[in-house]
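Protein chains in written order, with the working numbering: chain A, 15 to 305; chain B, 15 to 305.
Hints are computed from structural coordinates only; laboratory data are not their basis. It cannot be assumed that every hint is accurate.
Said to hold, decoys possible - Calculated cross-link-like contacts (lysine-lysine; reagent style BS3-like; alpha-carbon spacing at most 30 Å):
1) K156/B - K106/B
2) K156/B - K156/A
3) K133/B - K156/A
4) K156/B - K133/A
2 protein chains.
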Amino acid sequence: MLIGAVEAGGTKFVCGIGNEAGEVLDRVSFPTEQPEKTLGRVIDYFRDKNVSAIGIGSFGPINIDVNSPEYGYVTTTPKPGWGNYPVLPELKRAFDVPFGWDTDVNAAALGEATWGVAKGLDSCLYYTIGTGVGVGVYIEDKLTHGLVHPEGGHVLTRHYPGETFAGVCPYHGDCLEGVAAGPAIEARWGVKASELPADHQAWEIEAFYIGQAIASAVLLVSPKRVILGGGVMHQMQLFPLIREQVRRNLNGYVSASALAEGIDQYIVPPGLGDNAGLCGSLALGLRALRG
Amino acid sequence: MLIGAVEAGGTKFVCGIGNEAGEVLDRVSFPTEQPEKTLGRVIDYFRDKNVSAIGIGSFGPINIDVNSPEYGYVTTTPKPGWGNYPVLPELKRAFDVPFGWDTDVNAAALGEATWGVAKGLDSCLYYTIGTGVGVGVYIEDKLTHGLVHPEGGHVLTRHYPGETFAGVCPYHGDCLEGVAAGPAIEARWGVKASELPADHQAWEIEAFYIGQAIASAVLLVSPKRVILGGGVMHQMQLFPLIREQVRRNLNGYVSASALAEGIDQYIVPPGLGDNAGLCGSLALGLRALRG
Chain A
15 MLIGAVEAGG TKFVCGIGNE AGEVLDRVSF PTEQPEKTLG RVIDYFRDKN
65 VSAIGIGSFG PINIDVNSPE YGYVTTTPKP GWGNYPVLPE LKRAFDVPFG
115 WDTDVNAAAL GEATWGVAKG LDSCLYYTIG TGVGVGVYIE DKLTHGLVHP
165 EGGHVLTRHY PGETFAGVCP YHGDCLEGVA AGPAIEARWG VKASELPADH
215 QAWEIEAFYI GQAIASAVLL VSPKRVILGG GVMHQMQLFP LIREQVRRNL
265 NGYVSASALA EGIDQYIVPP GLGDNAGLCG SLALGLRALR G
Chain B
15 MLIGAVEAGG TKFVCGIGNE AGEVLDRVSF PTEQPEKTLG RVIDYFRDKN
65 VSAIGIGSFG PINIDVNSPE YGYVTTTPKP GWGNYPVLPE LKRAFDVPFG
115 WDTDVNAAAL GEATWGVAKG LDSCLYYTIG TGVGVGVYIE DKLTHGLVHP
165 EGGHVLTRHY PGETFAGVCP YHGDCLEGVA AGPAIEARWG VKASELPADH
215 QAWEIEAFYI GQAIASAVLL VSPKRVILGG GVMHQMQLFP LIREQVRRNL
265 NGYVSASALA EGIDQYIVPP GLGDNAGLCG SLALGLRALR G
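Build the full structure now, drawing on both the sequences and the hints.
Following this line, the structure appears as structure tokens:
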């Protein structure tokens, strides 16, 4: 049985085919252009693939309320042409199969819980820290939807001591995304994050912010694992620094071995590597098929 | 059909009987003493009540992992005699009925979602702000457990501008509980919170902290309603101040009418009033019965 997967990003779309074991058997990628053209390429790709279901993890914000007339729409994105666009309805018109539809980060969280580093666990958080910060929330074996959907990249954190950088988030200035996403690092230091040396003070500050946000998230929803992906997290020196910040902020209050001697296995990189996004969409498709 | 309910607090226990409509038909209350004596009184109360199930919402921290050998224990509480005590196992030995077991705040969240101000919604957060701060988390029709259980009263918030108060949390100093619970207000101003006039600056500062924590929680898990209970929230002037802080912190980023013109119905007092705790335990019992 073949499942289709669409990783619908704001910069590029990735389409692929996979199976129930989470194996990706084929994939293509193309730039995100106008929605008609882009979705046309998605439809062309799947036309002869004979998939039993299709899962889509999308950039957002999106409507994931199945009772809404706008279910399946990309909503208030500033991306030209995509605002209030019926992505899922367009694809449903082309293929009569079950569809899974969720945010890209929720998809990634589900993928990791199905085949990756959170396999077998009934909860995890998936942070992507790159051009923006997003958080996928998987709790009690379900993806969290709620009022809209999680937007945990915009939580407020305390400033690093002495820090005067005002942040770059157009809504909040110095929310987590505003101080810790790639563009924030570049604005703060005047060079691309990837060009900063591994021992630069930038990483200590970065870990301060990320660790603080994770500590508060651990307190609020008590996830069984926290997965950190995205371009910024390719800086592997961040992991021990972030774990230390989480430990410092919790200060022994939550009594769990995962947060003490087990923290190296608790705050971890994605297990699915470069296929994390596509596998997440695959997992959404599989879940849609199984109902 | 009758359901038993136990509101197991650190100061007092409330036991009661109710029905499937959430009506409390009988209740008694007694101080929390040594566990053997206190649980003895619970057992005596229910002995002739012929209940079909019993729900317990307990002070914590507690073990709510059904796969753990310590499931049903109160764990690392400093309360004399109660540390690592098998509360649920003791009660199970006395009554051969299904038992529900969760934190007091999770119980309250479930009660509100079943019969109260979040009735019919599949998610809500329940904050109690009193001698401590606790947060019950109900998401996608399930109470959140995870690694341990939510402890959202201890999240970190930014200081109120110019604030130098160090907070009173023994673990974190100035976490939310450390600056916003009743004892913090008393330590900060030198009088009991209940004695401060309604127009005192204390309430603006209080709303600043609570509103900030709620804004971050709304971003992370997108609840469909936020319920604020506990002694401090008897200060009704706090509600408009808190709503304003939430709106300011979100700054229009999350597009939902509930967070704009609907915010008066979004951040609200408990619908079950003084029976909120007991009704929550009743709901736990009912859920245990229905499996």
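Could you work out which earlier hints the structure fails to respect and list their numbers in ascending sequence? none
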